[in-house]
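K.L.:
Here the protein sequences line up with chains A and B, keeping their order.
Residue 0 is where the first sequence starts when you use numbering that gives the first Met the number 0, and the numbers rise one by one after that.
Residue 0 is where the second sequence starts when you use numbering that gives the first Met the number 0, and the numbers rise one by one after that.
Be a bit skeptical, because a hint or two may be false.
Mimicking BS3-like on lysine-lysine, the simulated pairs with C-alpha atoms at most 25 Å apart in a straight line are [what the hints assert, rightly or not]:
{"hint": "1", "chain 1": "B", "residue 1": "K272", "chain 2": "B", "residue 2": "K306"}
{"hint": "2", "chain 1": "B", "residue 1": "K301", "chain 2": "B", "residue 2": "K271"}
{"hint": "3", "chain 1": "A", "residue 1": "K146", "chain 2": "B", "residue 2": "K484"}
{"hint": "4", "chain 1": "B", "residue 1": "K755", "chain 2": "A", "residue 2": "K71"}
{"hint": "5", "chain 1": "A", "residue 1": "K69", "chain 2": "B", "residue 2": "K755"}
{"hint": "6", "chain 1": "A", "residue 1": "K39", "chain 2": "A", "residue 2": "K161"}
{"hint": "7", "chain 1": "B", "residue 1": "K416", "chain 2": "A", "residue 2": "K39"}
Simulated from the structure, these hints should not be mistaken for laboratory data.
Computed from a prediction, not measured in an experiment: that's the story for all the values here.
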Amino acid sequence: MHKLIIFILLPLIYSLHDFHISHTTLYYNDNLNSVEITVKVAIEDLEKSLQNQMDERLEIGTKNENESIKKKITNYFNKNLVFLINDRKIQYEYLGKELENNLHDIYLYFEINSLDREKTINSITIKNTLFLEKEPNQINIVLVEFKNQDFNLTFTKDLENKKLTLNNE
Amino acid sequence: MTSIESKIKLIILLICSIYLINAQENLNNSKFKQLHEELPTPNVYRTASGAPGHEYYQQKADYEISVELDEKNHTIKGNEIITYTNNSPDILKYLWVQLDQNVRAKNSHAQLTTTNSMNDKISFGNLKRMHDKMNFDGGFKLEQVTTINGKKLSYKINETMMRINLSKPLKQGQSFSFKIKYSYNINDRMKIGGRSGYEYFEEEENAIYTIAQFFPRMAVYNEVEGWQNKQFLGRGEFSLPFGDYKVSITVPEDHIVAATGELKNSSAVLNKKQIKRWEKAKNNYNEPVIIVTQEEAEKNEKEKSQKKKTWIFEAENVRDFGWASSRKFIWDAMAVDISGKRVMAYSYYPKEGNPLWEQYSTRVVAHSLKTYSKYTIDYIYPQATSVHAKWIGMEYPMICFNFGRPETDGTYSERTKYRMIGVIIHEIGHNFFPMIVNSDERQWTWMDEGLCSFVQYLTEQEFERNFPSRRGPPTKIIDYMKGDKSGIVPIMTNSESILQFGNNAYGKPATALNILRETIMGRELFDYAFKTYSERWAFKHPTPADFFRTMEDASAVDLDWFWRGWFYTNDHVDISIDEVNWFKVNTGNPDTENPIAKKKQEKSDTYIGNTRNKSSISKTITEKDKQAIDFYTTYDPFSTNILDREDYNNYLKNLNTEEKELLNSNTNYYEIQFSNIGGLVMPIILEFEFIDGTTELMRIPSEIWKQNSKKIKKIFILENEVVNIKLDPFLETADVDMNNNYWPPRNEPTRFQLFKQNEIKKENPMQRHLRSKKNK
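Throw the hints in and build the complete structure from the sequences for me.
P.N.:
See the structure below:
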């Protein structure tokens with residue numbers, strides 16, 4: 000087991016905030032044969048989880064933002080948001096991020112564009128453990144839109160994996 | 000049991016269940032079914048109009064408390080006299096007292112009922128926190144519970160509740176006074192969390208104490224719950240009767256104390272310079288005046304006096320009491336004019352809060368008091384205080400604890416600033432809900448959090464144009480409402496069982512009220528009704544029904560369908576334009592209609608065989624052989640002859656002038672079919688764009704769904720030809736899927752696609768620019 004370094008203990012914020020919810024949308028783009036991934040998370044949750052992996056203080060989306068953030072986001076998501084297409088692990092690429100204008104949330108954009116056009120997609124398996132290492136009550140919501148088939152999933156500490164069987168007719 | 004018997008039983012069971020299913024279907028499941036079955040029957044205490052009834056009563060609990068803070072051991076020792084007055088018509092054999100600190104006692108129900116599981120990803124932080132929580136020796140330690148004369152009282156503690164057994168029943172109008180001597184250990188907020196507690200500054204050996212739930216408090220007794228003695232499990236907050244408080248707080252001599260109520264012995268605890276500055280602040284309505292400066296606070300920090308001082312505060316007609324104490328406090332103040340009455344706005348913060356707190360806290364307090372007063376009732380208490388407390392936002396009467404700490408180098412991010420302003424507005428706003436409009440938080444979180452968050456949104460937008468509000472606008476709730484339904488419960492869910500607390504109890508009700516105000520009722524009707532609710536229930540205990548009923552009673556808008564959909568279900572809004580059919584009147588005039596029909600036929604698509612035959616068949620039989628021709632060979636069905644014209648003229652003669660006008664009006668009829676996919680019925684707001692570039696807006700109330708809430712058709716009569724139709728053009732209904740809101744159909748780019756289009760752009764360049772200028 001690798002060692003975790005803790006910098007801030009998790010605050011229990013009453014009465015005003017409940018962070019700890021992420022929203023992920025997976026959209027299959029038929030024209031490009033790619034999967035567009037949008038992840039909306041609370042900035043604090045992301046900062047705390049990434050801080051775990053490094054020594055310095057993070058401030059995403061501010062002028063103090065660390066230069067190596069891109070690598071850290073990629074590493075963290077590769078570990079905690081895993082996609083298997085037809086039971087094979089798929090690499091995806093980090094495109095960038097965007098602050099929501101409420102200053103609470105941040106959108107992260109990823110894309111899978113290494114799909115083989117010849118092969119039909121019969122199943123997608125999702126493993127989502129985002130922020131669970133810091134917040135056991137984290138709820139991760141995932142919406143999958145694949146050729147007019149919509150799936151609405153909720154991942155928690157008790158449910159980290161889910162396999163979807165897709166209909167290609 | 001014989002097998003025949005069991006088979007018969009099974010058959011009976013089957014028949015019963017089929018009957019039940021049928022019975023379900025045969026019930027009134029209309030979205031517009033009145034709420035009578037959900038709401039309690041009106042009575043003499045609460046009327047059908049939503050106002051208090053003619054026999055409404057409430058109990059009173061007065062307190063005389065003296066506490067002493069031991070900053071070495073982080074403990075509180077207290078003595079209190081509670082005087083409880085029974086205004087109910089009922090005879091009370093016992094009283095229930097709340098021991099909220101017991102939530103932190105070892106093996107409390109709050110700890111036992113928290114579900115958790117071990118996994119390989121648990122961090123040191125979480126593990127340590129679990130240990131710290133388990134090892135903390137929390138909870139009230141009661142030394143004596145006696146009558147006013149010192150006679151031992153019989154009592155029984157059940158977790159966070161204590162029953163005082165009365166030797167003589169308490170009748171209507173009678174009072175009972177009793178004494179409790181107690182102590183408890185204060186929790187380190189940074190380690191185990193909590194609404195109150197202390198933050199320790201290790202390097203200088205100082206703490207900021209933000210203290211609440213520090214004394215045994217009376218539970219509410221009324222005709223709704225009897226005794227509201229539902230255990231405190233940590234989430235469903237408080238339910239408290241009103242009363243008057245006299246509180247003496249003994250702290251180290253160099254501490255500054257902030258509290259609910261008014262300071263009664265200022266000359267004993269403040270120096271002359273401070274009193275003079277305070278007097279100056281009382282007449283300064285424009286900007287805060289500093290009473291304890293940063294320089295003085297920094298000097299205090301180093302002193303560590305061993306002597307003690309007692310601060311005395313009094314508060315009338317409040318439901319609770321909170322206070323804060325530290326030698327680190329800077330204190331500033333300003334006067335606020337609330338309808339001609341002076342209210343003081345105070346802020347207490349350590350140097351760590353500056354420069355943000357000095358610039359904003361008190362100003363935001365003043366602004367919040369004014370805005371909330373405008374939408375609810377005039378703020379009646381003499382003061383409102385904002386205390387700096389890292390990480391939390393927590394409210395008590397006249398005092399609240401708020402986060403927002405700049406960096407150690409004195410800079411701060413935009414996020415820190417706006418969220419600090421947001422939290423101060425919100426917590427000051429709690430003075431109105433639930434401190435004055437005193438709803439039952441143990442039962443319904445939304446009644447104070449939802450209403451408070453709604454007015455918070457209005458207050459933020461009045462503070463700064465386009466303030467980055469988190470909750471209020473309909474688009475901000477979409478992600479929540481379209482999510483997996485197994486993770487969403489209706490707003491009308493008890494506080495402890497709510498999933499996604501912030502979205503459910505803050506965001507969704509705040510959005511619902513905003514939609515009522517902007518779209519369903521309109522600002523004028525809404526504001527009057529919302530104010531009426533606040534006026535009716537100020538300094539009283541309202542229930543959800545009182546709110547629902549008042550909003551309808553004061554506006555003449557039947558909102559049962561809205562409460563039913565938005566508050567009693569977890570449905571969402573998704574309305575689609577299914578199809579649009581265009582009709583024009585057939586004038587019947589053969590000279591007008593025949594050419595149109597001919598053109599239409601010529602324009603219609605042609606079978607490929609016909610096109611090819613045109614060239615490949617050089618001549619057909621009828622083209623070659625004249626003998627093969629008769630009338631029908633050359634007959635043009637679109638031609639007009641004299642008889643057709645005569646028929647038309649005869650038809651015209653039978654019409655009156657109005658009918659003739661209609662016939663020749665050239666009007667367009669659009670038949671549009673809408674589907675309700677999400678489940679929530681909502682108004683249909685349409686923007687028509689015409690061929691000449693002009694637009695027209697049409698607002699159709701939700702009642703359009705009253706007989707069929709799934710699919711409806713409606714005809715729109717328009718002079719002009721339509722080229723585009725937009726449903727919900729101003730994003731006011733929280734429709735989760737905009738792709739089915741257009742005719743002709745169009746797909747909105749997703750956030751992802753928009754981002755890819757603008758990929759080169761750096762995030763929030765304008766905000767960055769503004770900040771860079773500010774930070775120069």
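K.L.:
All hints, please: hold or fail.
P.N.:
For each hint, the structure was consulted:
no.: 1; hint: B:K272 with B:K306; verdict: holds (21 Å)
no.: 2; hint: B:K301 with B:K271; verdict: holds (21 Å)
no.: 3; hint: A:K146 with B:K484; verdict: holds (22 Å)
no.: 4; hint: B:K755 with A:K71; verdict: holds (21 Å)
no.: 5; hint: A:K69 with B:K755; verdict: holds (17 Å)
no.: 6; hint: A:K39 with A:K161; verdict: holds (20 Å)
no.: 7; hint: B:K416 with A:K39; verdict: holds (22 Å)
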